[in-house]
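Asker: The task is simple: from the sequences and hints, build the whole structure.
One-letter residues, chain by chain:
There are 2 protein chains.
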Amino acid sequence: MLERPIIQQRGFCNTTDDTGVTGFRLLLRNPNYRGVAGSLVDGADVIVDGHPFPREAQRWTLQGRTFTLDELRASTDVRWQLDETATLAVDHPGGLSAGVHRIEVAVHLRRPYIPEVAGPSVFRAATTATIVPDDDGTPHGLRYGVSLYSYSGDLYTSMTLQDAMADIADLGATGIEILGEGNIPGYPHPDPDWIDTWHRLLDRYGLTPTNYGSWVDTAMWRDRDLTAEEGRAQLERDLRLAKLLGFTSIRPKFGVVTPELDPHPVWQPAVERVLDLAAGLDIVICPEIHSPTPIRHPVTQAYLDFIDRTGSDHFKLLIDTGIFQTAPVDDGHEGFEGKKRPAFLEPLAVPMSDLADVLPHVHFIQAKFFEIDDRLTDLHIPWHDILATLRTAGWQGWLSSEYEGRREPYRGRDQVRRQHALLRSLNGSAAPA
Amino acid sequence: MLERPIIQQRGFCNTTDDTGVTGFRLLLRNPNYRGVAGSLVDGADVIVDGHPFPREAQRWTLQGRTFTLDELRASTDVRWQLDETATLAVDHPGGLSAGVHRIEVAVHLRRPYIPEVAGPSVFRAATTATIVPDDDGTPHGLRYGVSLYSYSGDLYTSMTLQDAMADIADLGATGIEILGEGNIPGYPHPDPDWIDTWHRLLDRYGLTPTNYGSWVDTAMWRDRDLTAEEGRAQLERDLRLAKLLGFTSIRPKFGVVTPELDPHPVWQPAVERVLDLAAGLDIVICPEIHSPTPIRHPVTQAYLDFIDRTGSDHFKLLIDTGIFQTAPVDDGHEGFEGKKRPAFLEPLAVPMSDLADVLPHVHFIQAKFFEIDDRLTDLHIPWHDILATLRTAGWQGWLSSEYEGRREPYRGRDQVRRQHALLRSLNGSAAPA
Chain A
1 MLERPIIQQR GFCNTTDDTG VTGFRLLLRN PNYRGVAGSL VDGADVIVDG HPFPREAQRW
61 TLQGRTFTLD ELRASTDVRW QLDETATLAV DHPGGLSAGV HRIEVAVHLR RPYIPEVAGP
121 SVFRAATTAT IVPDDDGTPH GLRYGVSLYS YSGDLYTSMT LQDAMADIAD LGATGIEILG
181 EGNIPGYPHP DPDWIDTWHR LLDRYGLTPT NYGSWVDTAM WRDRDLTAEE GRAQLERDLR
241 LAKLLGFTSI RPKFGVVTPE LDPHPVWQPA VERVLDLAAG LDIVICPEIH SPTPIRHPVT
301 QAYLDFIDRT GSDHFKLLID TGIFQTAPVD DGHEGFEGKK RPAFLEPLAV PMSDLADVLP
361 HVHFIQAKFF EIDDRLTDLH IPWHDILATL RTAGWQGWLS SEYEGRREPY RGRDQVRRQH
421 ALLRSLNGSA APA
Chain B
1 MLERPIIQQR GFCNTTDDTG VTGFRLLLRN PNYRGVAGSL VDGADVIVDG HPFPREAQRW
61 TLQGRTFTLD ELRASTDVRW QLDETATLAV DHPGGLSAGV HRIEVAVHLR RPYIPEVAGP
121 SVFRAATTAT IVPDDDGTPH GLRYGVSLYS YSGDLYTSMT LQDAMADIAD LGATGIEILG
181 EGNIPGYPHP DPDWIDTWHR LLDRYGLTPT NYGSWVDTAM WRDRDLTAEE GRAQLERDLR
241 LAKLLGFTSI RPKFGVVTPE LDPHPVWQPA VERVLDLAAG LDIVICPEIH SPTPIRHPVT
301 QAYLDFIDRT GSDHFKLLID TGIFQTAPVD DGHEGFEGKK RPAFLEPLAV PMSDLADVLP
361 HVHFIQAKFF EIDDRLTDLH IPWHDILATL RTAGWQGWLS SEYEGRREPY RGRDQVRRQH
421 ALLRSLNGSA APA
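Protein chains in written order, with UniProt numbering: chain A, 1 to 433; chain B, 1 to 433.
Source of the hints: derived by calculation from the structure; they are not laboratory data. Any given hint could be a false lead.
Said to hold, decoys possible - Distance ranges between label pairs, derived from CB positions:
| hint | chain 1 | residue 1 | chain 2 | residue 2 | range |
| --- | --- | --- | --- | --- | --- |
| 1 | A | ASP191 | B | PRO192 | 22 to 32 Å |
| 2 | A | ALA57 | B | PRO192 | 15 to 25 Å |
| 3 | B | GLY186 | A | PRO259 | 54 to 64 Å |
| 4 | A | ARG204 | B | ALA233 | 53 to 63 Å |
| 5 | B | ALA233 | A | GLY20 | 44 to 54 Å |
Note that CB positions come from ideal geometry on N, CA and C, so glycine has one too.
Answerer: And the structure:
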């Protein structure tokens with residue numbers, strides 16, 4: 001699907017040639033109600049951060065072919081269809097800075113069937129959009145991914161799986177994290193055709209499956225809890241499905257029995273019964289350390305003790321960066337009633353030294369966040385400190401975007417781009433602590 | 001795609017069995033960020049027009065199977081996936097009246113991984129939605145269709161072609177009108193697979209292709225107008241493509257040369273050169289009578305003279321009901337600058353007697369409208385008078401919804417449902433004038 005606004009977030013980037021950065025490009029949706037011949041496209045004035053780029057100087061790419069405005073006006077065999085974007089390339093030596101820009105566009109179309117007295121056909125749009133800088137190439141051991149959770153609400157309503165993958169690739173990430181029961185049509189028995197499509201799309205967008213979120217719903221029925229054997233069976237089902245799709249870790253979320261997220265006691269026997277299977281499939285089982293549970297806490301300690309006791313190298317921690325939250329979050333969470341603010345949205349502010357202590361046991365990091373403003377400031381999560389801690393430890397692994405702020409349409413997509421711009425910008429500056 | 005709001009417009013209808021109308025049903029999107037086992041669905045309280053329907057009394061259909069709430073709570077092998085709707089059936093003998101209803105829903109889900117202190121997981125949604133009455137079965141010769149133009153902005157951003165067809169079928173219409181250059185991917189050379197899919201979907205949704213909108217862009221280039229031969233070639237291209245897709249009329253919109261929509265003079269020689277082809281393909285070519293051009297006007301008269309002169313029965317009029325507009329329209333039209341209100345949005349208020357006069361030459365009616373309020377009152381178009389005039393004349397043909405109001409997401413879908421509810425409700429009462 002295309003994004004509803006005329007100015008697409010996906011595809012906004014700087015352009016380069018042999019001489020360096022030459023300008024930027026924008027993708028536009030056709031603002032008219034019909035497709036038109038390229039000759040009827042009369043250019044688009046662009047203003048970025050108040051700086052005008054008049055339409056005469058731009059180049060248009062339609063249906064894979066690139067035109068100056070004069071060439072487009074004279075063209076005979078190219079169209080701007082309703083279901084295809086146009087790419088507008090704008091000369092601007094040095095390009096745009098990494099971060100959020102204010103963009104205004106006025107698309108001019110000629111419509112021969114509308115009398116001239118009605119005025120010219122000009123379609124105006126304005127938005128902010130984010131330039132994500134290229135990776136700086138420093139061998140830092142971190143790899144960037146995105147969880148489909150970030151697109152909750154948009155997926156299946158204005159975004160297909162393929163759109164999500166295109167978005168992730170477009171911002172330069174290479175990892176994709178999914179929710180098993182959520183993003184797999186027909187779960188737990190997806191159609192073989194869907195599995196083929198999944199692998200084909202991974203290839204096409206250059207993405208690596210990272211973590212697979214699963215649940216063990218211990219309170220699935222009202223009259224009794226799951227048995228350890230039932231828990232084991234659910235874990236096996238998800239482990240095998242994760243393997244089929246190419247994932248290298250799963251995060252099973254067990255039902256909890258206390259406000260501090262103590263998992264249901266079946267977790268230990270259930271997990272223990274699949275450790276050999278996990279080793280055989282080479283999938284790491286990762287319990288999630290999630291606010292309001294800090295790192296120094298009996299729940300986390302129980303996971304560390306389990307590692308110690310079993311000696312397994314296929315059971316490690318997953319850190320959700322919400323535990324480092326420094327300010328309360330008061331929006332974006334539906335489904336909670338009778339509480340001003342659920343405990344997990346209070347600032348837990350786990351110290352970096354605690355993270356450093358457990359990093360040897362951490363397999364995966366969900367880069368949870370809620371809001372990044374127009375200046376690329378995260379209002380809640382201290383990314384500079386987190387990145388510095390990871391670099392100091394030489395930690396290697398995936399940092400997987402998990403946007404959890406307000407679920408307005410398109411906001412997750414925009415915020416994930418901002419987060420990647422922020423992380424990449426910090427990457428160079430976040431020297432070891 | 002699913003509709004973004006939890007309460008789906010599509011699928012809202014009364015339910016019947018042998019005893020008559022038993023209640024109504026609603027389709028819901030899963031409001032959680034993950035799919036869940038059916039046993040974790042704890043019902044949904046529904047309020048319609050202030051009348052509560054508690055969750056205990058409802059039946060849920062998930063993945064094709066129907067459950068009481070108790071059965072759902074005890075279920076072991078059914079799920080509510082993120083990409084599938086749940087159908088909620090509510091007992092209400094006699095059902096809901098035709099028209100717009102205020103619906104509030106509170107979906108209860110159990111989430112074992114969220115501590116109970118966080119409160120129950122209740123997801124609330126509210127909307128208006130429209131019950132479209134069944135056709136009254138009167139043999140009145142009118143057939144109801146919908147133009148994809150109604151879904152401009154939504155199509156390709158939150159709605160696929162299949163979604164549009166499902167929406168049209170869901171409201172009981174049987175005709176589909178398209179814009180050739182707009183709704184055919186790869187126009188004018190769609191992929192054979194797409195053509196197969198088109199015919200398969202027509203079959204699936206029981207839809208008949210009606211009218212195919214085309215353009216002859218006489219001012220396609222800035223330095224010269226199209227020749228009559230070029231116009232003919234464009235007409236031939238669209239006639240053949242329309243035939244391939246099963247359409248029985250095309251509306252070629254020629255470029256205009258006056259504020260009153262006088263078409264470019266190539267229209268006559270261009271059309272004349274394809275009259276035999278149109279007869280051979282059995283496709284009626286329909287110039288559109290569109291505000292600000294009334295019926296008693298040299299432009300319309302020229303079309304009638306053309307019919308007279310050529311004796312063709314494959315050239316007839318298409319009436320856009322915007323010509324009957326009784327109040328000005330001031331919203332929903334992008335692309336116009338320098339004019340308070342384009343001429344075609346002023347009320348032209350063509351008298352019904354003029355319509356009656358030309359009806360023998362009218363092949364197709366685009367049921368243009370802009371806004372229908374919560375009481376099913378159209379603010380601009382006098383449907384009672386139009387329907388009465390058509391019935392008096394015994395006119396037979398398609399009335400094809402063409403929503404042209406504000407392009408807010410989902411508004412076109414909602415308004416088309418309202419229009420069909422209005423037209424069906426009037427059908428019985430609009431006795432011949």
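Asker: Quick check on a hinted range of 15 to 25 Å for A/ALA57 and B/PRO192, using CB atoms only.
Answerer: This hint is violated: roughly 41 Å between Cβ atoms.
Asker: Determine whether the Cβ-Cβ distance between B/GLY186 and A/PRO259 falls within the hinted range of 54 to 64 Å.
Answerer: holds (57 Å)
Asker: Quick one: are B/ALA233 and A/GLY20 within 44 to 54 Å, going by C-beta?
Answerer: holds (47 Å)
Asker: Please check whether A/ASP191 and B/PRO192 have a Cβ separation lying inside 22 to 32 Å.
Answerer: At 24 Å between Cβs, range holds.
Asker: Taking the Cβ atom of A/ARG204 and the Cβ atom of B/ALA233, is their distance within the range 53 to 63 Å?
Answerer: At 38 Å between Cβs, range violated.
Violated hints, in rising order: 2, 4; the structure is consistent with all others.
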